[in-house]
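Model the placement of chain A on the given structure of chain V, informed by the hints.
2 protein chains.
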Amino acid sequence: MQFDISQRAQRLTSSAIREILKVTEDPSVISFAGGIPSPQTFPVGLMKEACARILDFAPHAALQYAPTEGYTPLREWIAERHGVTADRVLITTGSQQALDLLAKVLIDPGSRILVENPTYLGALQAFSLFEPILTPIECDGEGIVPGALTEETILGARFVYTMPNFQNPTGRRLPVSRRRQLVAAMKAANIVVIEDDPYGELDYSGEPLPTLLSMNPDGVVYLGSFSKIIAPGLRVGYAIAPMPLIKKLVQTKQASDLHTSGFAQRMVYEVLDTGFLDAHLSQIRALYMAQRGAMLASLASHCALSMSWNAPEGGMFLWARVPDSVDAVRLLEKSLAHENGSRVAFVPGAPFYAGKVDAHTLRLSFVTVPPARIEEGVAQLASTLAMLL
Amino acid sequence: MQFDISQRAQRLTSSAIREILKVTEDPSVISFAGGIPSPQTFPVGLMKEACARILDFAPHAALQYAPTEGYTPLREWIAERHGVTADRVLITTGSQQALDLLAKVLIDPGSRILVENPTYLGALQAFSLFEPILTPIECDGEGIVPGALTEETILGARFVYTMPNFQNPTGRRLPVSRRRQLVAAMKAANIVVIEDDPYGELDYSGEPLPTLLSMNPDGVVYLGSFSKIIAPGLRVGYAIAPMPLIKKLVQTKQASDLHTSGFAQRMVYEVLDTGFLDAHLSQIRALYMAQRGAMLASLASHCALSMSWNAPEGGMFLWARVPDSVDAVRLLEKSLAHENGSRVAFVPGAPFYAGKVDAHTLRLSFVTVPPARIEEGVAQLASTLAMLL
Numbered sequence: 001m002q003f004d005i006s007q008r009a010q011r012l013t014s015s016a017i018r019e020i021l022k023v024t025e026d027p028s029v030i031s032f033a034g035g036i037p038s039p040q041t042f043p044v045g046l047m048k049e050a051c052a053r054i055l056d057f058a059p060h061a062a063l064q065y066a067p068t069e070g071y072t073p074l075r076e077w078i079a080e081r082h083g084v085t086a087d088r089v090l091i092t093t094g095s096q097q098a099l100d101l102l103a104k105v106l107i108d109p110g111s112r113i114l115v116e117n118p119t120y121l122g123a124l125q126a127f128s129l130f131e132p133i134l135t136p137i138e139c140d141g142e143g144i145v146p147g148a149l150t151e152e153t154i155l156g157a158r159f160v161y162t163m164p165n166f167q168n169p170t171g172r173r174l175p176v177s178r179r180r181q182l183v184a185a186m187k188a189a190n191i192v193v194i195e196d197d198p199y200g201e202l203d204y205s206g207e208p209l210p211t212l213l214s215m216n217p218d219g220v221v222y223l224g225s226f227s228k229i230i231a232p233g234l235r236v237g238y239a240i241a242p243m244p245l246i247k248k249l250v251q252t253k254q255a256s257d258l259h260t261s262g263f264a265q266r267m268v269y270e271v272l273d274t275g276f277l278d279a280h281l282s283q284i285r286a287l288y289m290a291q292r293g294a295m296l297a298s299l300a301s302h303c304a305l306s307m308s309w310n311a312p313e314g315g316m317f318l319w320a321r322v323p324d325s326v327d328a329v330r331l332l333e334k335s336l337a338h339e340n341g342s343r344v345a346f347v348p349g350a351p352f353y354a355g356k357v358d359a360h361t362l363r364l365s366f367v368t369v370p371p372a373r374i375e376e377g378v379a380q381l382a383s384t385l386a387m388l389l
Numbered sequence: 001m002q003f004d005i006s007q008r009a010q011r012l013t014s015s016a017i018r019e020i021l022k023v024t025e026d027p028s029v030i031s032f033a034g035g036i037p038s039p040q041t042f043p044v045g046l047m048k049e050a051c052a053r054i055l056d057f058a059p060h061a062a063l064q065y066a067p068t069e070g071y072t073p074l075r076e077w078i079a080e081r082h083g084v085t086a087d088r089v090l091i092t093t094g095s096q097q098a099l100d101l102l103a104k105v106l107i108d109p110g111s112r113i114l115v116e117n118p119t120y121l122g123a124l125q126a127f128s129l130f131e132p133i134l135t136p137i138e139c140d141g142e143g144i145v146p147g148a149l150t151e152e153t154i155l156g157a158r159f160v161y162t163m164p165n166f167q168n169p170t171g172r173r174l175p176v177s178r179r180r181q182l183v184a185a186m187k188a189a190n191i192v193v194i195e196d197d198p199y200g201e202l203d204y205s206g207e208p209l210p211t212l213l214s215m216n217p218d219g220v221v222y223l224g225s226f227s228k229i230i231a232p233g234l235r236v237g238y239a240i241a242p243m244p245l246i247k248k249l250v251q252t253k254q255a256s257d258l259h260t261s262g263f264a265q266r267m268v269y270e271v272l273d274t275g276f277l278d279a280h281l282s283q284i285r286a287l288y289m290a291q292r293g294a295m296l297a298s299l300a301s302h303c304a305l306s307m308s309w310n311a312p313e314g315g316m317f318l319w320a321r322v323p324d325s326v327d328a329v330r331l332l333e334k335s336l337a338h339e340n341g342s343r344v345a346f347v348p349g350a351p352f353y354a355g356k357v358d359a360h361t362l363r364l365s366f367v368t369v370p371p372a373r374i375e376e377g378v379a380q381l382a383s384t385l386a387m388l389l
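Chains V and A, in that order, give the protein sequences. In this text, residue positions in the first sequence follow the UniProt record's numbering: the first is 1, and each later residue adds one. In this text, residue positions in the second sequence follow the UniProt record's numbering: the first is 1, and each later residue adds one.
Treat each hint with caution, since some may be false.
If chains are identical, the list can't say which one is meant, so a pair holds when it fits in one copy or spans any two.
[Unchecked claim] With a cut-off of at most 20 Å between alpha-carbon atoms, the simulated EDC-like pairs for lysine to aspartate or glutamate come out as follows: (1) K356 - D140; (2) K334 - D324; (3) K187 - D4.
Just so you know, these hints were derived from the structure itself, not from any lab.
So here's chain V without its partners, still in its complex pose:
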């Protein structure tokens, strides 16, 4: 049988990240590829208690169909944390679903949307299904360059998509002055800002910056997630949006999956309700800071002459660059082909670009591999790179 596939689906291809994650299922690979939280941060004991409480005291409500908007106590918890009312909060099946819903509500075929360059690959995938025209905005090591937000560039765009805190893939953080400029420019041009913030709580600077949401609650859609601070396998995220948008997002979600697992939502809420989060976040931050330190130290001892990189103040990733003579995809292939020595995985930068590609960039995650293996992996990467130079 011949299948008549939609135009949008014909354009879909397997993502590089996905293919790479398959290789890294082999535990002998040292993987700096995945944006995967360290499993030792999962609050397993609290979850066990949460499951027992839910099934003892509210089994029928937790296992029954539930309202599309989400579990009210969880929505209230989120609303309080962000200083908004709970009716602006929609629980989503991970942050990824919020991107899908926003695309459904805001993108017509041919709509122009503004993205950072490079930007989160999963957002490019979610948006591209709805056939927008992507306009990449010029970025530097601190994110969107305010001078690039010219009227010509932004006018008529449906939204700008940005990850101001410890961006995936670059790890960079948008300074507060640029945040204000971005929000003001978008407000003046009547363009919605989508602030994707999965890493905001993973701040190692001790000085978190104000959200874009706090700067213009009526013009910003904020996306949050419990994947990086509790556990990704529950698939619980959320969107905070102005009322006219939240209504459309709820209707769209109803058509997309009715609602997010009520059991998973209650697990998240029960765990949060123990008041453990602040202490838990301190532990996660300490762990990841140590791993970031190990990676920065290893890079300094092994790669100082052959690579450049940044030192992010939070999140999971740093962004590196190899010399112009080396393509990062080639480096990855070589790095995974080793027969002697460790195989090392990372994500080449190319698929994250929506505009001009820098093929010599790569994303290194420091959160999954313990410090001793970080050292081993970086040393191996340096020696593979040396062979290509």
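Then chain A, alone, in the frame of chain V:
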């Protein structure tokens, strides 16, 4: 701020079902409206054990990011039950998500798709977001009329969407001869069949009919769900599709929510793996058969002169019709406005129609309300109807 909403989202309106479900949150309402499983069928004890096992023996895997395709043992369980290979099985966030993914993969704006009339409202909502042209196929009390599948009607359609077992909303079942004719006609015209089968296991006839999938595995996409046989609040469903389609569905799902909650998938699998399902299904069937019997008996004693209805051999719903002088939406309003006597909810038939509407039809669910209250509700409905006649 003005929001520039996509055309598809502008057309979205709140569904009648949804508004009605809000009213039925009040426990004093006798609700025949929801397609909501009886909570006494939820295997709470087995789930408690399942949660403990998962968190004792595989907490990190269950709580981590996981492959988009789904949890392998669950996919294998499903594959074995349907006589297919596991690589054809994709786990979805409820069946509803499978409708969304199929729409993404198969519908371009203006694509023609074939639907039963009336049909499942949630499918109409999922498909409509992708702006198809709906062609309703003529149906009678047994479902799609084979004679209506003329070349003129079906040619060039992207797919036909059908619920052959105990359809939502009508409760009707497609006879085996019609199944064969439908599958043959679609095969000849190279049109994909989407077989949505959430109620197939709720067969009270003792004689289940062969699936469309079994008649043409390379031309049928089968959608199944654990919502009606384990619990809807876990949001675990699945699609079985030919390989060229499954690959596109997986890519599309990755962009839509990465994967379905791995914890919820393992809960389903662990519960199934106890081997409880066959005995459990017998219990559910016995319970719902008794409730169906109570509703049929109540209708016969109170409504014989004012309504007609069918006697479905499975599922959750029966389909009724009031005289031409009464609009079912008006009856619902009246029925919920009572100050003396019980308020009774049901779903008027109108929103389920994709073509010609019969405004005098209504859907009655017999699974949520216990027999004694079924009698009370039907009696009250009959007296409300009498006032309008």
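**Message:** When the structure is checked against the list of hints, which entries are broken? Sort them ascending.
**Reply:** Checked against the structure, no hint fails, so every one of them is satisfied.
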